[in-house]
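Asker: One-letter residues, chain by chain:
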Amino acid sequence: MGFLDNLDKTGEGSVLVTSVDTLFNWARLSSLWQMSFGLACCAIEMMSTAASHYDMMRFGVIPRPSPRQSDVIIISGTVTLKMATRIKMLYEQMADPKYVISMGNCSNCGGPYWEYGYHVLRGVDRIIPVDVYVPGCPPRPEALLEGLMRLQEKVREQGKAVDLEV
Amino acid sequence: MPEILERRTIIHSTLHTSAPIQEPEMVEPRRLHTEEMVLNVGPQHPSTHGVLRLEVILDGELVVDVIPHIGYLHRCFEKHAEHMTYPQVIPYVDRMDYIAAMSGEHGYVTAVERMMNIEVPEKVEYIRVLFAELQRIASHSIAIGTYGLDAGAFTPFLYLFRDRETILEMFEKTCGARFLYNYMWIGGLSHDLHPDVLPMCREFVKQSRATHKEINNLLTFNHIFMERTAGIGVLDPQVAINGGASGPMLRACGVKWDVRKNDPYSIYDRFDFDVAVGSSEYATLGDSFNRHWVRMQEWEQSLNIIEQILEQYPINDTTDVQSAIPKRIKPDGEIYSRTETPRGELGFYIVGKGDVKPWRVKPRSPAFSNLSLLPLISRGYLIADLIVILGSIDIVLGEIDR
Ligand code: SF4
Numbered sequence: 001m002g003f004l005d006n007l008d009k010t011g012e013g014s015v016l017v018t019s020v021d022t023l024f025n026w027a028r029l030s031s032l033w034q035m036s037f038g039l040a041c042c043a044i045e046m047m048s049t050a051a052s053h054y055d056m057m058r059f060g061v062i063p064r065p066s067p068r069q070s071d072v073i074i075i076s077g078t079v080t081l082k083m084a085t086r087i088k089m090l091y092e093q094m095a096d097p098k099y100v101i102s103m104g105n106c107s108n109c110g111g112p113y114w115e116y117g118y119h120v121l122r123g124v125d126r127i128i129p130v131d132v133y134v135p136g137c138p139p140r141p142e143a144l145l146e147g148l149m150r151l152q153e154k155v156r157e158q159g160k161a162v163d164l165e166v
Numbered sequence: 167m168p169e170i171l172e173r174r175t176i177i178h179s180t181l182h183t184s185a186p187i188q189e190p191e192m193v194e195p196r197r198l199h200t201e202e203m204v205l206n207v208g209p210q211h212p213s214t215h216g217v218l219r220l221e222v223i224l225d226g227e228l229v230v231d232v233i234p235h236i237g238y239l240h241r242c243f244e245k246h247a248e249h250m251t252y253p254q255v256i257p258y259v260d261r262m263d264y265i266a267a268m269s270g271e272h273g274y275v276t277a278v279e280r281m282m283n284i285e286v287p288e289k290v291e292y293i294r295v296l297f298a299e300l301q302r303i304a305s306h307s308i309a310i311g312t313y314g315l316d317a318g319a320f321t322p323f324l325y326l327f328r329d330r331e332t333i334l335e336m337f338e339k340t341c342g343a344r345f346l347y348n349y350m351w352i353g354g355l356s357h358d359l360h361p362d363v364l365p366m367c368r369e370f371v372k373q374s375r376a377t378h379k380e381i382n383n384l385l386t387f388n389h390i391f392m393e394r395t396a397g398i399g400v401l402d403p404q405v406a407i408n409g410g411a412s413g414p415m416l417r418a419c420g421v422k423w424d425v426r427k428n429d430p431y432s433i434y435d436r437f438d439f440d441v442a443v444g445s446s447e448y449a450t451l452g453d454s455f456n457r458h459w460v461r462m463q464e465w466e467q468s469l470n471i472i473e474q475i476l477e478q479y480p481i482n483d484t485t486d487v488q489s490a491i492p493k494r495i496k497p498d499g500e501i502y503s504r505t506e507t508p509r510g511e512l513g514f515y516i517v518g519k520g521d522v523k524p525w526r527v528k529p530r531s532p533a534f535s536n537l538s539l540l541p542l543i544s545r546g547y548l549i550a551d552l553i554v555i556l557g558s559i560d561i562v563l564g565e566i567d568r
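Taken in order, these protein sequences are the chains called A and B. In terms of my numbering, the first sequence opens at residue 1 and continues consecutively. In terms of my numbering, the second sequence opens at residue 167 and continues consecutively.
Because the hints were derived from the structure by calculation, they are not lab data. Think of the CB as a built atom: it goes at the ideal place given N, C-alpha and C, for glycine as much as any other residue. One thing to keep in mind: the hints can contain errors.
[Claimed, not checked] Pairs of lysine-lysine residues, derived as DSS-like cross-links and limited to a Cα-Cα distance of at most 25 Å, are as follows:
no., chain 1, residue 1, chain 2, residue 2
1, B, K519, B, K245
2, A, K82, B, K245
3, A, K82, B, K528
4, B, K528, B, K496
[To be verified] If we take Cβ atoms under 7 Å as the criterion, some of the chain A residues that face chain B in the derived model are:
no., residue
5, A40
6, T85
7, R86
8, L90
9, Y91
10, A95
11, Y118
12, P135
[Said to hold, decoys possible] Sample of chain B residues lacking proximity to chain A, with all beta carbon distances greater than 10 Å (derived):
no., residue
13, E202
14, C242
15, L364
16, F387
17, V421
18, K519
19, L548
20, I549
Given these sequences and hints, build the entire structure.
Answerer: Dropping the structure here:
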């Protein structure tokens, strides 16, 4: 189509050689659409990260209101038992490949509510797999951005070794 | 007239209160069989401001009834309070109303201090009021910004968050935390004011007044915004008082009630400020627009208070901010004390039995009472208006569920 036609005409086009995995991973890591979903106090720090001062969008992270359109879910805050089933359902509704960032001590392990919180899930990793943990109560926006960059690193390397599993 | 048309007329008349009520143009009213539908909004929904679930019963696009379901963020505050010593409860109070953590702390430490009859140094009181007012501006910034988002305006949100960062920076310089502080201690503060804060504050007041003006131009008196909010979700003052509403929700109905004025705590009696109330100048008294308008005015009043603090602040006072902190905190007896947070009247009922741990700490949450009025003020409006009404209440689920 157009691209190859141009090559023929001008004779100046250059060709990029890469593996499919690398190309796909590059595309994925550059547009990690995030599911906009706030749980507790950490959600406000997530909002600050998305707002003007820290500007999460320069990493290609755009908040989407639906799980069907998003690649990454940031669990931002305390996961209570009542909320846990809903989070699992939302995660299952996301299309593959999907990633999870656990933001804040609460979703990492229960945080300040670990000991007496009879209604708090002690770590979101008990219900869904977590890719990156961001510690802090709440984590600073810089910490969340660091977590995002770690996730990008992970995505960049994913599936590089020949993976014949289907 | 069939029931559905009657309801439409109600909407029509509330939307255009000033215009004479006209009969909606009617084609021959067909007796269509309409069935009510139940729609779930939330707990994952960008407009519910957290994890609130609304069970909305709809007739076409008209809201017949709303049932708020809460408890998705119940974090067992009272249980924790029973297991912690008095100072250890403060971080949990922070996490209750996380948008206005300083105001929450102020309420809790005031309650315990009244219980123990502690005299707090003057300098500490000045710093507390300064931070509580800065926090009020920060909290209203979020409320106004997200309210704009609900109504479809994205830009004010970015401007307001830019300014909020300045406030957080002042807090961070002083106590090391950006967002949840554990700064006000019983009888004192964790750190003295950072020397940079006062000059920063002076700069901030100037900048904030400019932003206030800008937001008024950009959002408040924007024609689209006014159309969306004016006359929507009208709350009657009598209903508001009976329902226990407080804060901007109550004041938007024209009721002049502010704990800072009516039952002064800390050193609020030294400052000269007005209690902002809603007005019928721009819209119906007690509607969504007026709730927003009250927040805008309170922002300005907070700036006035901050300016007065900057004038009066005892710069040469070298009192240690921790000097009045008691060695043993074992109060006996019970107390109910209330303070004015950005969301309304936050009360703490504390029972102590001479132990290091409180026997009971029961907060009275303003957002909870305000939310309970949602069904009353949203019946008969359109579903799109429901989002606007909910946004105008400015709820924080952490405080509602505790
Ligand atoms: S980690 Fe801390 S800031 Fe985050 S949700 Fe839990 S208590 Fe709130």
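Asker: Now tell me if each hint is right for this structure.
Answerer: Evaluated hints:
1. Restraint check: the Cα-Cα separation between B/K519 and B/K245 comes to about 16 Å, which is no more than 25 Å; the hinted pair holds.
2. With a CA separation close to 18 Å, the supplied pair A/K82 and B/K245 stays within the 25 Å bound.
3. For the proposed pair A/K82 and B/K528, the alpha carbon gap of about 22 Å is at most 25 Å, so the pair holds.
4. Restraint check: the Cα-Cα separation between B/K528 and B/K496 comes to about 18 Å, which is no more than 25 Å; the hinted pair holds.
5. With a cut of 7 Å, the hint placing A/A40 at the interface with chain B holds, because the nearest CB-to-CB distance is about 6 Å.
6. Proximity of A/T85 to chain B is violated relative to the hint, the smallest CB-CB distance being about 11 Å (cut-off 7 Å).
7. A distance limit of 7 Å between C-beta atoms decides the matter here; for A/R86 the minimum to chain B is near 6 Å, and the interface restraint holds.
8. A cut of 7 Å between beta carbons decides the hint on A/L90: the least distance to chain B is about 6 Å, and the hint holds.
9. Because the beta carbon of A/Y91 sits about 11 Å from the nearest beta carbon in chain B, more than 7 Å, this interface hint is broken.
10. The restraint placing A/A95 at the interface with chain B is violated, with a minimum CB-CB distance near 16 Å, outside the 7 Å limit.
11. Interface restraint check: A/Y118 against chain B, minimum CB-CB distance 6 Å, threshold 7 Å, status holds.
12. Nearest Cβ of chain B to the Cβ of A/P135: about 15 Å, over the 7 Å cut. The hint is violated.
13. Residue-level check passed: B/E202 sits 25 Å from the nearest beta carbon of chain A, beyond 10 Å.
14. With a least beta-carbon separation of about 5 Å from chain A, B/C242 fails to lie farther than 10 Å from that chain, contradicting its non-interface assignment.
15. At the 10 Å boundary, the C-beta of B/L364 stays outside the reach of chain A, the nearest C-beta of that chain being 23 Å off.
16. The claim that B/F387 lies off the interface holds: its Cβ sits roughly 23 Å from the closest Cβ of chain A, which is beyond the 10 Å cut-off.
17. Residue placement check: B/V421 keeps its beta carbon more than 10 Å from all beta carbons of chain A (closest about 30 Å).
18. No beta-carbon of chain A is positioned within 10 Å of the beta-carbon of B/K519; the least distance is around 19 Å.
19. For B/L548, the shortest C-beta to C-beta distance to chain A comes to about 20 Å, beyond the 10 Å cut-off, and the non-interface label holds.
20. The non-interface label for B/I549 is consistent with chain A: the shortest C-beta to C-beta separation is roughly 16 Å, beyond 10 Å.
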